[in-house]
Structures are given as C-alpha cells and as structure tokens.
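**Q** If you read the sequences in order, they're chains A and B. For what it's worth, our numbering labels the leading residue of the first sequence as 17, then goes sequentially. For what it's worth, our numbering labels the leading residue of the second sequence as 715, then goes sequentially.
Worth flagging that the hints you see were computed from the coordinates, not collected in a lab. Please note that a few of the clues may not be correct.
The list that follows gives simulated cross-link-like pairs (lysine-lysine, DSSO-like), each with its CA atoms no further than 30 Å apart [to be verified]:
hint : chain 1 : residue 1 : chain 2 : residue 2
1    : B       : 771       : B       : 727
2    : A       : 61        : B       : 717
3    : B       : 771       : A       : 61
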Amino acid sequence: RKEVEQDPGPFNVPEGATVAFNCTYSNSASQSFFWYRQDCRKEPKLLMSVYSSGNEDGRFTAQLNRASQYISLLIRDSKLSDSATYLCAVISGSARQLTFGSGTQLTVLP
Amino acid sequence: DVKVTQSSRYLVKRTGEKVFLECVQDMDHENMFWYRQDPGLGLRLIYFSYDVKMKEKGDIPEGYSVSREKKERFSLILESASTNQTSMYLCASSFFGSSYNEQFFGPGTRLTVL
Numbered sequence: 017r018k019e020v021e022q023d024p025g026p027f028n029v030p031e032g033a034t035v036a037f038n039c040t041y042s043n044s045a046s047q048s049f050f051w052y053r054q055d056c057r058k059e060p061k062l063l064m065s066v067y068s069s070g071n072e073d074g075r076f077t078a079q080l081n082r083a084s085q086y087i088s089l090l091i092r093d094s095k096l097s098d099s100a101t102y103l104c105a106v107i108s109g110s111a112r113q114l115t116f117g118s119g120t121q122l123t124v125l126p
Numbered sequence: 715d716v717k718v719t720q721s722s723r724y725l726v727k728r729t730g731e732k733v734f735l736e737c738v739q740d741m742d743h744e745n746m747f748w749y750r751q752d753p754g755l756g757l758r759l760i761y762f763s764y765d766v767k768m769k770e771k772g773d774i775p776e777g778y779s780v781s782r783e784k785k786e787r788f789s790l791i792l793e794s795a796s797t798n799q800t801s802m803y804l805c806a807s808s809f810f811g812s813s814y815n816e817q818f819f820g821p822g823t824r825l826t827v828l
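Using the sequences provided together with the hints, build the complete structure.
**A** And the structure:
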C-alpha cells in the first residue's frame, strides 16, 4: 500500500462548480499535511498547509480527519485558472522530508 | 521572492554518461532535496541534505549520489546514466526547524537518457 494515495482523476468540472479531493495516508503518526498545486510543465507550489482544526483560504478549504487518516481539499466556485494537478504531501516521524501523493488532475471547463 | 534555480531545463544524455544536475537557492535554507517525478508515481525523494557536507538517502537513492559543498548548492550526480533514469528532476529547499516549513521548488530539469 502506498504511503500517500490520491485519486488521479481527471476531474472535469464546469466553471462555478464545487469540487473536493481526498488524500489518504497510511502512517497514523503523520503530523504535518499540505496541499501543493502544480501547473502543467511547472514546479509544485504550496497551496495550503492543513491544520488539525481545518483551515480556509478564500475559495479553498482544507480539512484533516485523523480518525480515518485522510485530508481533503474543497474548491468552491471553480475558476478556469484552478485547472492544475493538486498534490497532497505528508510529513511522518522525526524526518523532515515530505511524502507526496501522485496528484489529482483538475480541469475546469468554461 | 525565494528563488531555486536548476542548471538546465532540458538535458539529453547517452547511456553510461556521467550527469551532473545543479541546484542553487538564494534564501539561506538549510534543507535541500532532490526528487524525480514520473507519470502515475508522483514525486519521489532521491536524496536530501540538512547541512553542508551532510546527506541522507531518500526513498530511491540507487544509481544516484549527491554533493553539498556549499549551503546554497546541492548537486545530483548520475554516475552512469541509464534509460530508466529518464525523468523530470526537481530540486527543493526549506528552512530547518518547524515541520510546517514550506518547500520551494526549482523549475525542474527534464532529463532524457538515450
């Protein structure tokens, strides 16, 4: 079983739609969680850190469910510019390296 | 703005050649990382470094080595390139300390080994 798993998609949604992605992790001792965004042929960039209490940044909401070992990303009122691959990433143990999921591809259609 | 630069965007090498990929960051970050990214497999950590002259193996170190002689520079070396090392290579850096520290990525080097 992969340490961090995501549905690869693709998710094709109309502009204005709400879309949600989940990411499961296998190590129950994982302590830090992130969502990165990667545009086509570009490097990943941090979208949001995910805090235990959940956090919101404009149209984006990230949540953590420790009991079920998953994190989620909700995008409301999707824009064409939201089209990208969304990568979840997890830090486990005392090490400082991230383990990434393979990414979920989102295309927002006009 | 944090800047992480990589020496080449595209590189074509032949099997058996020695390949050097260079990464430089200008934010005085302690941590530096090398990943490769392949379709369906996501980013996989090759090596990382917490300090000058220090290195740690990641998940897939076989066939690679690294060098960190200066804080701002982290090099990835393919001693004898093979076709299965054709991939996108991404360098990243971050501050030491809090596990919430963001990793900043370079633009990537797309390496093709013929």
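**Q** Between residue 61(A) and residue 717(B), is the straight-line Cα distance small enough, at 30 Å or below?
**A** holds (12 Å)
**Q** Just to be careful, I want the Cα atoms of residue 771(B) and residue 727(B) compared with a cutoff of 30 Å; is the pair within it?
**A** holds (24 Å)
**Q** Please work out if residue 771(B) and residue 61(A) have their alpha carbons no farther apart than 30 Å.
**A** holds (23 Å)
Against the hints set out earlier in the document, no violation occurs for any number.
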